[in-house]
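Got two chains here, each in a separate frame; can you build the complex from them with the hints?
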Amino acid sequence: MADVIEVGAARGDAPPPAATAARRGASARRTGRATPYLFLAPYLVLFGVFGLLPIILGLWLSVHQWDFQLPNRPFVGLDNYKELFSSDSAVYGDWWESIRATAIFTVLSVPLLVVVPLGLALLLNRSFPGRTFFRAIYFAPYVLGVAVIGLLWRFLLDANLGLVNRLLGAVGLPSDTPWVTNMPWAWISLVGVTVWWTSGFNAVIYLAGLQDISPELYEAARMDGASAWQRFRNVTLPGLRPVLLFVITTTVLASANMFGQSFLITQGTPGTETRTVVWFIVEEGLRNNNAGRAAAMSIVFALLLAVVSIANFRLFRYRED
Amino acid sequence: MTTPTPTANGSGSGLRRVGLYAILVALTLVFLVPLVWMVITSLKTYTAAQQIPPTWLPNPLSGYGYEQILNNSANPVLRWFLNSMVAATLHSLLVLVTASMAAYSLARLRFRGRGVTFALIVGTLFIPPTSLIIPNFLIVDQLNWIDTLAVVVVPGAASAFGVFFLRQFFLSLPNELEEAATLDGANQWQIFYKVVLPLSKPALATLAVLSFLTNWNDFLWPIFVLFSPEKLTLPPGLGLLQGSYVTDYPVIMAGAVLASLPVLILFVLAQRHIIQGVSRSGLKG
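Residue numbers (the numbering used here), protein chains in the order written: chain A, 1 to 321; chain B, 322 to 606.
Take the hints with a grain of salt, since some may be wrong.
DEER-style ranges, computed between Cβ atoms [what the hints assert, rightly or not]:
no., chain 1, residue 1, chain 2, residue 2, range
1, A, ASP176, B, TYR367, 19 to 27 Å
2, B, THR469, A, THR181, 18 to 26 Å
3, A, GLU216, B, ILE467, 57 to 65 Å
Which residues of chain A face chain B? A partial, calculated answer using Cβ under 7 Å [said to hold, decoys possible]:
no., residue
4, LEU46
5, LEU152
6, GLY192
7, ILE205
8, PHE259
Some residues of chain A that are not near chain B, with every Cβ distance over 10 Å (derived) [unchecked claim]:
no., residue
9, LEU84
10, PRO178
11, ASN234
Source of the hints: derived by calculation from the structure; they are not laboratory data. Note that the Cβ used here is the ideal one computed from N, Cα and C, for glycine as well.
Looking at chain B on its own, in the form it has when it is part of the complex (with noise of 0.2 Å):
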């Protein structure tokens, strides 16, 4: 997937290399500049961030949104980001464990039922997640998971993506390695364990860190099942602080960048398997 690619036009003159970083940077400021900007202003005085015109660099430095959202009972943003972290870190591996287990069976077992069974999951990828809200809503509510840790880590687990992505993967396996575990008298939990999971770790990764993004990202979901201020992911959290500091950009940017320094590291950091699977569910799906 990563093998440099033969380019559609040539690479052209001194010239034409000019003017195609001319517009690479002009992108990049684009793209960049609003990140850069929450990040300044987080560093901001309240004064300094009212200023008009404003000024690039933080004058002073100030710790200022930081101190206020660290130090606030009303508003507890590190019990928020906690709770997130904990959620997506669960999510994740309940995703990885479920839809491992299921594609597994799905692409390497034979069994009854299990074209019916692979269709009617695949199916649910065409509803919009967004039209089963309000019974998932009551579902939950008679589990009376509502405002618990469960409501934002398992619901969302039944993820029909996961077993899809995985089956994908699973199947491009060779078989031999399965059929040399098996002269050695494993059995098909013992091969799944030690065979295809070490294997399958480019597509375990994948789908850990876009499972952790997306749980940790979700908003409209927790904005209504959670409710105690303790209980709050970053999110609904983050709703929650624009409304209690109203124009107070250095408190609400430095929540923001809280929020988003996990997921830009964790970018970073599996910037290509993410980039993979975002692709690679774009055209094998």
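Excised from the complex, chain A in its bound form (with noise of 0.2 Å):
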């Protein structure tokens, strides 16, 4: 309350309220020290215990060797690292297969994912009736669960009841294609529900992209005979430079983060091939009791995916200048 008053009192002489935005950071700005503080207060508490502690404690976890069941937590130092990077420690196979995986599905899915939401859009970028209906059924799929879409296509991909090969068999095609147990289907599956699943979310990023292109760069390309493919070369790429940095950035990410699919669709099967970093690192850490090894791989991953972005980056930088 006490600052109400002395803000008052200030601006007792002050100008009328239209000429003093220049004035404004000097003082209706100095209010009570505390307050803004308060404020922070209910989301830092928040923040700081499962935000800030985790990363505290994923450090200090991982150079112990944590069992949920034993009582003394002995410190290892950088051992839980160490048979993640040593072929002969008990981890290290299925550690790098899990790698491997996710690799394999950030590598097939993370082109289609920037390529094919950009042709949709394009696409909607046009001006037509009922684009706006097209774009939310686009967009539709994005917004339903993992849960639900891995139950969904694993009936779809069903190899006998399963939707997709009776519609490939109705058109004469092969109809028995064992989509989730069978291997190179099982990731042409993963990646595609994937892409069928999140285009959408892409595509809607871009097109806020590419309302922020000028129609007058266009209209000079046009002036200037460009086609549509020079229109799109020249002009539309280098504008959304920015918009594709984002997606591609956020896209690996969301790639190398995968694992309802491949648990529910695929169930990690031929063998263990698509299980996932993500899937390994919580089995690992919950399953198998062992979480000082799984925050160690917690890490070792974190900062994959830092040198991923980061190159990302530096790319984009470059090609900028």
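Encoded structure:
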């Protein structure tokens, strides 16, 4: 309450409101010392406990042998990290298999998730009646959770009862593809489902980017006699560069964190070939009681992703010049 | 944001327009048929769903799938539905309250440590949340929150995105409004509550809807922190359902439909907000 009086007094002989804009920082903001912190407090409590503490705890766990069932959690230094990189450790094979699975999925899905939504966005950027409707339809699958998507596609891709094989059979194509149990079909399925599920999301981001490109640029290009392809290459793509960077970075992160699709659709099969890093980490930490080792894996994984993101930024910066 | 866009290409001749709609309709089928098939199957009998070739229309139309999941004490789907509803609602309220207050402070107030605090919050945006899942598990275990409502409501609410998103919006509000309110003798709480929040309804609605969707759909976290059948939310519950009905697709699809309905309805109602929120988070992020 003291704040109000103080501010009121300061304002008592102030010029009319319209003229005070320049002075706003000096007076209106200099209110009670505690107020800003009180506004922040509820969030900072949450953030401290579930945002910052896990980072510190994760680092601490990763240098201990932490078993939920054992009373002692001895310090082991970098042992948890070392065993991830030494081929004679028990965890080495499975760990790198999960890295490999994640890498395969990311490398296969990212290009499609960058290009297909761009196509959708270019299509939806034309003006025609019903544009908003189609935009909503293509986005709709994204609002469903991975649990629903997983069950639905497990059913659609079922080799015998699934709609996919039935439809393929109806048009004279092979109708017995083992979509979720054999290679390379399992990867094709996981990538295909993910493209179907999330393309609308990236398309919306592209659309917003396309709307920020000045129409005059297109006019000028057309005056110069540029073809549709030339306009795309020289106006659209450069205009979308920041959006592309965002889309690629977030898509790489999302793909690298894939878990639900393979957990529910291929269930890791064949063998454990489609078991991803995130799946392996939670299994190691929460099912096999190896929280220390799992924490070390999380950190190695997060660092790997950081390297990929930085490389991505570098690449785009470089191209910009 | 919603102004009609100048198009890169002219609308073209009639023939081109037919071609455009042909592509649009084909894509619509690709995106919709799987969802329609989910609903169709949920309305079939067990035998009808096993039929090869499958029939498009559920004949006979059957409530079998829904009866099975609604009258099943081993898999209390209705209970999961309520749990999800309560969790997602409380979660998005918690996000709205904490993030809006923090964002207001960071956008419109001056104080020592503001830059550092904001940098710290934004910095965590770059850490993949899945890499914190093991320590987060230990923390909720210490709090004795495992298998409670709190475990699916609270931890995810420490959303850096929410703070960032609202701060951007608050920064865009004109300063004159606060000044007029200050002249009227309003303090910061009153300005926040009576001036800034009402003006921010679109942004708050967007964040509320996005938080609700995220929480409703969360799968990875609940499958590890919820155990008792009566405590589950829908996503881990659906996994259990699939386990107990293996190939009884009408039942499984009925569960999937129940899990989809609220978010699809929410999407239809708040479509503009959701799509704008997504595009804004991409561009100004």
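Hint by hint, which ones does the structure fall short of? 2 and 6
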